[in-house]
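J.: Please model the complete structure; the sequences and the hints are all you need to start from.
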Amino acid sequence: MPELPEVETVRRRLEPALVGRSFARVEIRDARLVRPLEPAQVAGELEGERVASVDRRGKYLIFRFESGRVLLVHLRMTGSFRHAPRADAVTDAHERAVVKLDDGSDVAYRDVRRFGTWLLLEPEEVDGYLAERLGDEPLERRFTARSLAERLAGRRAPVKAALLDQRALAGLGNIYVDEALWRARIHPLRPARQLGDDELRRLHRAIRDVLRAGIARQGATLRDYRTPDGGRGRMQRAFRVYGRTDAPCDRCGTPIEKTRAGGRGTWYCPTCQPIFPRD
DNA sequence: AGGTGGACCCGAACGC
DNA sequence: TGCGTTCGGGTCCACC
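Here the first sequence is numbered in the numbering used here, starting from 510 and rising by one per residue.
Since the hints were made in silico from the structure, they are not lab data. Computed from a predicted structure; not experimentally measured. In this text, a Cβ means the ideal position worked out from N, Cα and C, and glycines have one as well. Please note that the accuracy of each hint is not assured.
[As the list claims (entries may be wrong)] Each pair of labels, with its calculated beta carbon distance range:
(1) 769 - 659: 25 to 33 angstroms
(2) 767 - 732: 13 to 21 angstroms
(3) 762 - 601: 38 to 46 angstroms
(4) 743 - 529: 27 to 35 angstroms
(5) 541 - 764: 39 to 47 angstroms
(6) 575 - 768: 44 to 52 angstroms
(7) 675 - 769: 13 to 21 angstroms
(8) 545 - 783: 43 to 51 angstroms
T.: Here it is, written out as structure tokens:
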């Protein structure tokens, strides 16, 4: 599931291949990708656009063109990009779009579950679209323990549910939230507004540390996620809790438990992450 | 208004 | 072995 570290890894790989290149030919094979618009129409609009930058905001990839228009891509669950000198001869049933660049290389978009979206925005639409969906960028300086506290203040939802809300904080998904809460020694079902100052400082630190660790390992490949050159991430080897039911906690040896929070499978250490902390 | 659960997808894992 | 059922996860949306 591409979360911030996976999307950032993709961005870093695509950036040098795309900046300065034009979209020479675009084929959109799955109408879901651009609906309610017509695939042929969107493809036609994209052809001829030259890439000025490849950015990221939360889990969104942002392809900015020299015209000022923007292609906003969300990979959702299983979306991935593959950049290769030429399109693979092997036809992949899950390939939903292909962009041929003006240097002859191909950027292929693959998405097994078809949740991903491509949205072409006019220059004046971009900031508003992102601002109304996304909170602080966790690796930027303006994200602090204090700003985190402000976003969680008054929320009675479980802290995990609050952190999954992209308007509170941009980029966390089910995996990195569990990992961050383990590092911060906070139970995922604690009401967000009950966190104390020290817990908020630990959580702020843990979120940044775990996201940076994920980026350093090129993300986590559980099944579908790949980097644009076809490689796998290595962060899954460093998971402390996610998917580790009954495995001993790396900090205290207690078997990791699974529960549900925010409607998602949730793993935690019942000893390190007590629901009723002492302090 | 904030919080919760279902819908959208499809392959893999599971259960009998 | 085979086949039907369940699961999962990001975001949006309906509902309480």
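J.: Hint by hint, note whether the structure agrees.
T.: Quick rundown of the hints versus the structure:
1. A beta carbon spacing of about 27 angstroms between residue 769 and residue 659 agrees with the range 25 to 33 angstroms that was offered as a hint.
2. The beta-carbon spacing between residue 767 and residue 732, approximately 19 angstroms, falls within the hinted interval of 13 to 21 angstroms.
3. Between residue 762 and residue 601, the C-beta spacing of about 44 angstroms keeps the proposed range 38 to 46 angstroms intact.
4. At about 30 angstroms, the beta-carbon gap between residue 743 and residue 529 stays in the expected band of 27 to 35 angstroms.
5. The supplied range of 39 to 47 angstroms is met by residue 541 and residue 764, whose beta-carbon atoms lie about 41 angstroms from each other.
6. Here the CB-CB span from residue 575 to residue 768 is close to 49 angstroms, well matched to the stated 44 to 52 angstroms.
7. Restraint check, residue 675 to residue 769: a C-beta distance of roughly 20 angstroms satisfies the suggested window 13 to 21 angstroms.
8. In this structure the hint that residue 545 and residue 783 lie 43 to 51 angstroms apart at CB holds, the actual value being about 48 angstroms.
Going through the hint list in order, the structure satisfies each hint without exception.
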